[in-house]
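Engineer: Residue numbers (the numbering used here), protein chains in the order written: chain A, 1 to 151; chain B, 1001 to 1510.
Be careful, since some hints might not be right.
Stated by the list, open to error - For lysine-lysine, the following DSBU-like pairs were computed, each having C-alpha atoms within a straight-line distance of at most 35 angstroms:
| no. | chain 1 | residue 1 | chain 2 | residue 2 |
| --- | --- | --- | --- | --- |
| 1 | B | K1394 | A | K117 |
| 2 | B | K1146 | B | K1292 |
| 3 | A | K138 | B | K1398 |
| 4 | B | K1391 | A | K138 |
| 5 | B | K1394 | B | K1358 |
| 6 | A | K62 | B | K1259 |
Unchecked claim - Here are a few chain A residues that sit away from chain B, every Cβ distance over 12 angstroms (derived from the structure):
| no. | residue |
| --- | --- |
| 7 | V19 |
| 8 | G22 |
| 9 | V85 |
| 10 | L86 |
| 11 | W119 |
| 12 | Y133 |
Calculated directly from the structure, the hints in this document are not laboratory data. Backbone N, C-alpha and C fix where the C-beta goes; we use that ideal spot for every residue, glycine too.
One letter stands for each residue in the lines below.
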Amino acid sequence: MKVYDQGGSLFWVLLSIAVFFGSLRLGIGTLRNPGTGFLTFGASGILGILSLVLFVQATLRKKVVKREPLFAGKLWQRILLVLIVLTVYSWIMPTLGYLISTFVLMTLLFWVLERKKIWFVLSSSFLTTLITYLVFSKWLNCQFPNGLFGF
Amino acid sequence: MVCSGFEGKVGFLDNILYGFQVTFQPINFLFCGIGVFVGSLVGVLPGIGPAGAMALLLPATYKFSPTSTIILLAGIYYGVQYGGSTTSILINIPGEASSVITCIDGYQMARQGRAGPALGIAAIGSFIAGTIANIGLMFVAVPLSKAALSFGPPEYFALMCTGLLIVTYLAQGSILKAIIMALAGIILGSIGLDAITGLPRFTFGIDELTDGVGIIPLVMGLFGISEILQNLEESLEREVFKAHVKNLWPSLKDWIEAKWAIVRGSLIGFVLGILPGGGAVIATFVSYAVEKKVAKHPERFGKGAIEGVASPESANNAAAGGSLIPLLSLGIPPNPIMAIFFSALIIHGIQPGPLLIKQHPDLFWGLVASLYLGNFLLLILNLPLIGIWVKLLKIPYKLLFPLILLFCLIGAYTLNNLSFDLYVMIFFGVMGWIMRKFGYEAAPLIMAYILGPMLENALRQSLLISGGSFLIFITRPISGIALGFTFLLLLSNIFPYIKKRREEYEKFEE
């Protein structure tokens, strides 16, 4: 927990420094006429101070607080795979269209987790894609991209 | 006097009747039914919360009136409070954060073969609490909005500061971390065009950021995606309670034991719902603690005490009603869910605030009447539907998770039809997942993100009015009292810390 808090507080310190100088660049104005960077200047200043307090607190803390490990013993590979699939989906959906990209996405997600027979995965993905398309696009009039092939 | 009181009563009754007239319009009635059904479903399913469900259905409401939209969203919100208890009682997994505490005694009751009365008292308690909160909403929101008409920027600034501090104060973990999250939320909320000068801030040349970071992708990422990622880390197997659910109607003994728990839970939930940062989750914890304290036999708690189910389930529904008050009368959302309501109203061209009730009586009174209707629908629908919810719980999470993920993607995308919102959602999903591991809570960040721009406007306007003097916040009575309260709250937090340090030092000296 100590290392987590130290690492976390350093992240906030870096963020506060970046925002602090960004606010100065935007212009903080005067008290009579506050500028665009006025609030973020103050917020980043306080954030920096509190992050340092957290860092000092964590460093001086003697009591050992047990915390579950970040990755050890976890199925983090599965998370990584899902995140990659989601990012690729977000990237290709406007080009390939909702139907094709969602079918591919659902096939991968069902396959990653369930590992059932391929016909089950494909039919579940097909049905999910079709039903969500009909409900959201046709019934609820949500706009989905048509993509290269026009559907 | 008598005459004006009578006129007041007639006006009040007229308003309620008008509200029912609005609610019973076919489209509003349908939206109320869909809202409570979807809410119950979402409450039953772990992984997709009320925020996700609202975000998902919000784009579909664009062509409907704001009143229908708000009725739908409200239905989802309190429907979730009903549905969340089902999983807590039957499988010891809370469908929602506000049902976590119900697991303790609810699941024990189910193990003792009393799942039926546990589910029954949860539904009936929720109905009673929802009705009490609704009455409270009618009586508090209208005078509060009238009083709020005299509020200026300093008062709003002070109230928002108090709200933000209460959010951080009520955080379950470290207060220091909660304040850090709130400050990060203020910075996040400042991204986009400056409301006063129109200049872009922290947009890094990305066009999509000129409107700021979207609330829906942000909320879905921090709450929905991060929850799914956390579940994915573990094995996705879960136990389903296999016994039949029977005798839903609680016995006379159950009623006697639970009646005051329902009343206390309702009152606690309503009051904590109004407070900024309170909301349904904290209300359940407080009501459970109070119930345990006043019980003649506190040792029964944790072993299947019916009060341990009745009180938190009443509290979360009452809090759902109470939290509408600051939003509708002051224009200040007290929790992240209300922040989505706030965004929905803005999207539909309605500014939440003191003038809302006067300018849009159909929306306010229609919503009030829909709360009565929705509570009634939930009571008559939910008890017979429990069998269906139980069957739904038997669907493996491995199959549900890709569907929930897809719903989140659709909800985030259809808001602006931008892939950029998907990236934002994924990014904040990962951030939320890491934040959970590092002991940071998302609620203060969301609240500050929503209140940040309003806070900034109020601060800058106040300083313009006062010619750069901060005394304006102290010399005006309401802002002075609010800031004084905030200051005391801060001190109450710092003093025990100093005392503890001194004790540690003295111990060390010895």
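Engineer: Over 12 angstroms to the closest beta carbon of chain B is the bar; see if Y133/A clears it.
Structural biologist: For Y133/A, whose nearest Cβ neighbour in chain B is about 10 angstroms away, the distance does not exceed 12 angstroms, so it is violated.
Engineer: Has the given pair, K1391/B with K138/A, been kept, meaning a C-alpha gap of at most 35 angstroms?
Structural biologist: holds (29 angstroms)
Engineer: Please verify that the nearest CB of chain B lies beyond 12 angstroms from L86/A's CB.
Structural biologist: violated (5 angstroms)
Engineer: Is it true that the CA of K1394/B sits at most 35 angstroms from the CA of K1358/B?
Structural biologist: violated (48 angstroms)
Engineer: V19/A clear of chain B by more than 12 angstroms, beta carbon to beta carbon?
Structural biologist: violated (5 angstroms)
Engineer: Given the hint that K1394/B pairs with K117/A, test it: the Cα-Cα distance must not exceed 35 angstroms.
Structural biologist: holds (20 angstroms)
Engineer: With the threshold set at 35 angstroms, check whether the alpha-carbon distance from K138/A to K1398/B stays at or below it.
Structural biologist: OK: K138/A and K1398/B at ~28 angstroms, within 35 angstroms.
Engineer: Is the hinted pair K1146/B and K1292/B satisfied, with a Cα-Cα distance of at most 35 angstroms?
Structural biologist: Violated: K1146/B and K1292/B sit about 39 angstroms apart, past 35 angstroms.
Engineer: Given the hinted pair K62/A and K1259/B, is their Cα-Cα distance within 35 angstroms?
Structural biologist: Violated, because 47 angstroms separates the two Cα atoms, which is more than 35 angstroms.
Engineer: Holds or violated: is the Cβ of V85/A farther than 12 angstroms from all Cβ atoms of chain B?
Structural biologist: violated (9 angstroms)
Engineer: In terms of Cβ atoms, is chain B entirely out of 12 angstroms range of W119/A?
Structural biologist: holds (15 angstroms)
Engineer: Classify the label on G22/A as holds or violated, using whether its beta-carbon is more than 12 angstroms from each beta-carbon of chain B.
Structural biologist: violated (6 angstroms)
Violation of the numbered hints given earlier is confined to hints 2, 5, 6, 7, 8, 9, 10, 12; the remaining hints are satisfied by the structure.
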